[in-house]
Amino acid sequence: MEELEQDPSEQDVIMNTLNAEIDNNGGPWEEDENCKNADGMTMFDLPGSQDNLLTILLPKKNIRNIGAHSLLEIRSRTTQNGGDGRIYRGIVVAGPFHEPDGIRADAHMMVTTTINGAIFMPNFHGKVQVELLGEMAGDVMMPPRFRPLPNSPVFVLSKEETAKALKVDAEPGITLGVAIGHDDIEVKIPSDKKTVIPRHIGILGTTGGGKSTTVSGLMSQFQKKGIATIVIDTEGEYTHIDKPASDEKMKMLLKRRGLKTEEALITVYHLINRKTRAEKPTPTKEFTLSFSSLSPYAIADLLGLTEAQYIRFFKTYDAAKRVLRDLQLFPKKGQETQALEIDEFDTGYPQITISLLTDVAGMMLDSVSQGTTTSIVRNDFIKGSKERISPTIASFVKGVDSESSWKALLAKLWQLDRTKIFDTPGANPISFSELIKPGSLTIIDLSDSDSTLINNIVIANLLRGLQVVQEQAYNEAVAKNKQPTPVSIIIEEAHEFLSKERIGKMSNLFQQVARIARRGRKRWLGLVFVTQLPQHLPDEVLGLINSFILHKISDANVVSQLKRSIGGVDQGLWNRLPSLAPGQAIVCAPSLSRSMLVAIDPSPCKLLMVD
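Residue numbers (full-length UniProt numbering): 1 to 611.
Since the hints were derived computationally from the structure, they do not count as laboratory data.
Be aware that a few hints might be false.
[Said to hold, decoys possible] Below, simulated DSBU-like cross-link-like pairs (lysine-lysine); rule was C-alpha separation at most 35 Å, straight line: (1) 500 / 164; (2) 437 / 193; (3) 193 / 383; (4) 260 / 225; (5) 159 / 193; (6) 61 / 193; (7) 398 / 437; (8) 167 / 193; (9) 275 / 285; (10) 127 / 225; (11) 194 / 164; (12) 224 / 522; (13) 275 / 61; (14) 255 / 167; (15) 193 / 127; (16) 243 / 280; (17) 482 / 420; (18) 332 / 255; (19) 255 / 225; (20) 332 / 275; (21) 193 / 563; (22) 280 / 332; (23) 437 / 194; (24) 61 / 224; (25) 480 / 500; (26) 249 / 522.
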């Protein structure tokens, strides 16, 4: 032992040497102030590393601090510590994963002990993949120009910081639900800005994914925010939302979220001679359609006319206008300017009815057949003037004398007439100005129409009528320096109105919808397209939509189509789309800093069919 003892002078020499080395290398090690209380550290890059993606290593004790989709602040090492001092924001896109310290997770020793039930638990750490969102310049986030350095500290943002960074705390706002992966952070879209509602929304997903719950929740909140809402309900499932939710599962979910069941104030409209699923004391109104308010080009599109029928339809329409002029029914004295200003791509010709068209088309068929057919004439003013207008009718059939084509057109016009929805005595057309009052909630119940054609005609009529009155209301509000009333039109089964298969044959109707969409963005008129078959929505329609709420979609081909049309959704979220649980949705909106996974709030109102 004595031989091992060192002379005190030798110990002093060793310590002095060590101290000199420490001084030469910058002094004693001190923890970087930026690293205190860090949840993890950035890892060195690997050969397979990708731009904008980082790997973060977490001590065992901090793994629970970082969950899926957590927002992180990455403080690149300070300049005093050999770094650049930049601050970045990122979001977890994969993980957290658990890896053993100093040994591979698939090492033989690990595998053997696990499959034989032996207990071998080495120390382990966590690992997450993080996507860079941006670099901070004060309170402003800008695109990242550089990459955080290795061994830079990483911190989980607080609830308040996360909400601010994700831009989910819009006030006043419409609450969609709670962000998955974040504790009690509500996701809201603004109700007083034009970033979302008037720029159109798509709610897509297969049956049972939760679309109806999402729609009914939006309707209830729209009403509270003073937004006039019109719902085109093809199944009648929203006709009972003036009653509180009665489904036990829905009530349990509401209680868990700290929400209560509620009732909405609604008015249900249904076509005359059709039933409604609404029950007393719910206010209901019958309505008819004014045929002259529909663009003849939209009607031709909806009827699916062949080229020959299309030509004869407009011959009939032009002949009907000539008859009205010759009989001095329209334009009358003083109405000449009004007649000249009519844009038939936008609206119809005054006083033209479906019965007038069938009368005129029948007379044109009689003229072509040279007396072998005798069509029924129902309008008295036509009966009394038949001899007078016959030469006019004959002049319009020159060059279009195929009797079979005229018969085919007349059959389609009679099909339209037999719906009994146009200019029907006992009911009035919808007063569109009533539908755009602040906070009004109108359900257009088409559950008893049993016809896609009728539904599409009603939708076309509503869109046109609402556009006209909203433009007038908007201009009046601006002139008075007042805030215009926002209007939202929710179209259920949107794929039946504008389908991919028919878009090429419905160019005029699509252009009408596109005009409404473009004008609506500035005039607070927003469309909400709801469909369980997004693959049937044409790309042209998807291009009109700026915000998406995507429920479960299992078909890989549909997901691929949506990926081409919807930007801003990271691959990790697309991978989760086919396996989303009912009530979960991917939300992508311009008001949010990025797309995110949201647990949609349950509906506070009663739905007839809870999907």
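TODO: Please write out, lowest number first, the hints stated earlier that are contradicted by the structure.
DONE: Violated: hints 1, 3, 6, 7, 10, 13, 15, 17, 18, 20, 22, 24, 25 and 26.
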